[in-house]
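Visitor: Chain by chain, the residues:
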Amino acid sequence: MTPLLEIDALTIGFGNADPVVRDVSFSLQAGETLALVGESGSGKTLTCRSILRILPEAAQIRSGQIIYDDAKGAIDLLGMPEPALRKIRGNRISMIFQEPMRSLSPLHRLGDQVAEVLRIHRSMGRSEAKRMVLQEFEHVGFSDAERVWRSYPFELSGGMRQRAMIAMAMVAKPDLLIADEPTTALDVTTQAQVLALINKLQSETGMGVLLVTHDLGVVANMAQQVVVMNKGRIMESGQAADVLGDPRHGYTRKLFAAATSIPKVATPARAPAHENLIMELRNVSKTFTLRTTGWRELTTVFACKDVNLQVERGKTLALVGESGSGKTTCARLALGAETPDNGGEVLFYPEPNAPPLPVHNLTGRQRTSFQRQAQMVFQDPYSSLSPRMRIGDTLTEPLDIHNIGTRAERRDKAAEMLELVGLSPDMLTRYPHAFSGGQRQRLSIARALTLNPKLLICDEPTSALDVSVQHQILTLLEEIRSRAGLSYLFISHDLAVVARIADEVAVMRQGVIVEQAPPSTLFYNPRHPYTKALIAAQPEPDISRPINLDQVAQGAGAPSSWPEMFRFEGTSVPALHEIEPGHKVRCHV
Amino acid sequence: MMFLRYALYRFGTMLLTLWVVSILIFVIINLPPGDYLSNQIAELRATGQADGVAKAEFLRKEYALDRPLWEQYLIWAGFAPGPSGFSGLIQGNFGWSFEFDRPVGEIVGDALWLTVLLNLAAVLFVYAVALPLGVLAAAKAETWADYTAGFIAYLGLATPNFLLALILFYYGQKHFDLPIGGMMSPEFEGEPMSWLKVKSILLHMIVPTFVIGTSGAAAMMQRLRANMLDELHKPYVETAKAKGLAPGRLLAKYPLRVAFNPFVADIGNLLPAMVSGSVLVSVVLGLQTIGPYLLAALKSQDQFLAGFVLMFVALLTLIGTMISDMLLVLLDPRIRYGSRGT
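Residue numbers (my numbering), protein chains in the order written: chain A, 1 to 589; chain B, 1 to 342.
Hint data in this document are derived by calculation from the structure and do not stem from the laboratory. One or more hints might be untrue.
Cut-off 27 Å, straight-line C-alpha distance, at most; resulting in silico cross-link-like pairs (DSS-like, lysine-lysine) [stated by the list, open to error]: (1) K253/B - K241/B; (2) K87/A - K241/B; (3) K532/A - K264/A; (4) K241/B - K72/A; (5) K234/B - K87/A.
These numbers come from a predicted model, not from an experiment.
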C-alpha cells in the first residue's frame, strides 16, 4: 500500500548557515498517527510545516521530496506552485496549532472563521456553509453550536478554543491532519479530552494524523508510529510499541529519563507535623470586582476562598490546579502583592519560635526585611528578565535596592550565584538573549537567591521548558533547597512535577482547596474526583496504560456534576474534612 | 442597544470635557494683563480722544469686561445673565470682535464651514494615501516598494508645508492651470451656493488639501506599516494561510483588521493637529479659514474671537475622538465586550 505521506531526505536551512533539518525521511499511512517527537530546536516544527510550506520567510528547503498520495492521485508537494498548493491547504491537508488563542483571529466570530474554509474550497453559499459548520461544531463536542458560531475566541476557554480550531481543520474533511503541539498550552484534563477527540475523529474519518509533540505520554496515547528528532536529525523511528517499550537510541532514553511521571506504586506517607512553620495563610479569600466597562454593572468574582495553608520550614508545599483555579492568586497573596479580603491573614515566621509578621500589615522596615526573605521565581524566563540589562546588573540589582555590600562585593555575590545555579561567572556581562530557556530560568532562580531568602515562591517555574531542561531545573531546585535551607511554595498545574518535589500538595479547583495531602498519600489514595481526574489525565509514556477518559470526564467537569458527596451547590461549598491524619478532602460527611 | 448607551455616555463625557476646556481657554486668554478695550482706552486717553473713550467704556460695560473674571466667564459661556440677559455661547451668541468691530458669528461664519470642509478633505486624503501605501510597505517589507514608500513618506514629513504650498502652486498653475490662493474665485465670494461656486471651491481645495495632508499621511503610513508588520507574524495569520486563503484576501481580512485599530484611533489626534498646523498654510495660501482669524485675534487680545475659535477647534477634536471611540467599539469586539484578550 502506498503511504499517504512520504517525506524523503528533507533538508531545511536558513541563509548560509548549516541546515537545521537534515535528511529527514519518514512515511505515514492513511488512518495512522505518526508522532514527531523532540525538544525545542529539534526541527520537528519546521519539518511538519514544510509539508504545506508554512515556513518563516528566511527558511529554505534545500533538498528532498514530499509526496502526498490520497485517493485523488500522488502529488509532489514541494514542487507544486503556490496557487495550486493553496487548493490543498485546509482542504485535503489541514493543520492545528499550539496556541488556540493566538491562532484564531481575535476580531472575527468563530463561525465566520470556520465557515471561511468551506467558502474558499467548496464555494458554498452562506446558509449551507453554516449548516455544515454547525454540524462540525456538534461533532467536536459543543453542546450549543449556535452560540459558538456567534462567539469570539476570547469568550471561550482554552480547551473550547482548541475544539473550535479542530472543527476548522476538520470541516473540509481532510485526509491528513497535521497537529503541531495541539495540547501543549492546555491543562492536563483538557489535554486528555482534546486528545480523545482527535482519536475519535480519526477513527471516524480514517484520516492520517501527523502529531508534533515533546511529550512521550501524549505519544503513547496517540501514535502508532514514532519519529524521534534531535538537532534536525532523526534519532530513532519505528512502531510506537517498540520505541516506547524498548528505546534503543541514547537520546530517546534520555527523554524517557527526563519525563516526569506520577509514581505507579505509592505508599502513604506520615502526616506532616506542621510544627515549625515559615508561612501560614489563614482563612484567606480574595474577591475581585470587575468593572468591565463604563456602562456595565459590577460583578464580583472569587479568585480564592477560605484558603488555609501552612508552609513548613525547609519543606515544599505545592499548589496544583488548572488555569483559573486561584493558585497564582494565592502566591501573590502570600508575597503581599495582593491584599486578602477582611478576615484573612498571611503570617510569616522569620525565625523558628519568633513572633510572626503579618504580611499585609507591616511597617516599612519589616516590609523591607520580608522582601529580602521571600522571593519569587516566575513562569516565563523569556519575559521575566529585562532584555536591556546585562546579567550582572540583573543579579546585583536586588543588592543595590537593599543597599547590601560594596560594588565589588555585589559583583562577587552575583558570580557566586551564577556558579550556584550551574552557570559560569564569565557570563555576567552577557544579555539574556544569549541564553537558552533553561539557562534563563537558572538566571531567574539566581536572581531570586541573591538576597539569601528563606522562602522561595515558584510560580510554574518549569512549565515553559523542555522536558530534559525541566528535569535539570527541578534537580537544581532540590539541590539548593537542601544546601541553602530554603522553603518552597511551589505552584504548578502538573502533578508529575509536583510528585517529585513536594512534601505536601494542595489541589485547587475554582478558588478552593479540594484535597490536601502529602504526594504519596495523594497518589496512593486520592479521594476527590477532581484529584482522580488530574491523576488519570496525566499521559504516561507507556502504551499499555492509556488515559482513563471516564475518570477524567467525571472529575474535570463542573463542580455541580461531581458525585453528591463532593458536589458544590451554587455558592455553597462543602467543608474541608480531615479523613485521615494529614489528608484533607472537601466533601459532605 | 448597548452601543446606544455607550454613545450617550460618550456624548455626556464629551460635553463635560468641553466645559472644562472652555474654562481653560477663557483663563488662558485672560492671563496677559489688561484686555483689548482697556488697552485701547489707555491709548485713546494718551492721544486725548474723549468720544472714543466713551464708546470703549460703553463696550466694556456692555460686554461685562469690568466685572471679575469668573463672572465674565459665566456670562461669556451663557451660564449667567450679562447686561443684556442670558446671551453667551450656549445661546448661540459668540460675542463681539473688537478688532474687526463686528459680531464674531458674522466674521467666522463662512470660514467655519470652509475650515470643516478643508480639514475633512485633508483627513480623507490622509487615509486614502496612508492606507494603501502603509499596507503595501508592510506586505513588501524591505523591498524596493517599501523603501520607495518610506522615502516619499520621510520627504513628506520633512518638507515645510508652506514651501510645499509654494512649489505646488507654481507647478499646479503652470501645468494643470490650477488656481492660486483663496478658497474660491473672487467673483463667488458672498454669492449664494451654485454649481459653479462648488466647482470653484473644489478646484481651489486641491493644493491646500495636499499641503495640509502630506505630513499627516506620511506619519500615518509609517504607523500603519509598523502595526501591520507586528501583526503579520502572529499565529492567526499562519492559521489563515493554512486554510488556503489567497495572500491578498488574507492580508485584508486578518492583519489589516487588527492593525486598523490605531489607525482609527488617530482620527481624534489628526483633526486638531491639522487645524492648528494649517494656520500658517492658510496665511501663506490666503485661505479664508479660521486660521488667520485666530492668529489676528491672539495678537491683539481680541478675546471673544480668539475664545470662540479655540472652542471651535476643541469641539472638532472632541467630535473626532468621539467618532474614533465609537468606531473602535464597532470594529473591535474585545473593546465592545470589555474583555481583555491575551
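Visitor: Indicate, hint by hint, whether the structure satisfies it.
Guide: Each hint, compared with the structure:
1. Proposed proximity of K253/B and K241/B is supported: the alpha carbons are some 12 Å apart, at most 27 Å.
2. With a CA separation close to 11 Å, the supplied pair K87/A and K241/B stays within the 27 Å bound.
3. Proposed proximity of K532/A and K264/A is supported: the alpha carbons are some 14 Å apart, at most 27 Å.
4. Distance check on the hinted pair: K241/B and K72/A sit about 23 Å apart at the alpha-carbon level, within 27 Å; holds.
5. Of the pairs offered as hints, the one joining K234/B and K87/A holds, with about 22 Å between alpha carbons and a cut-off of 27 Å not exceeded.
No hint from the list above goes unmet by this structure.
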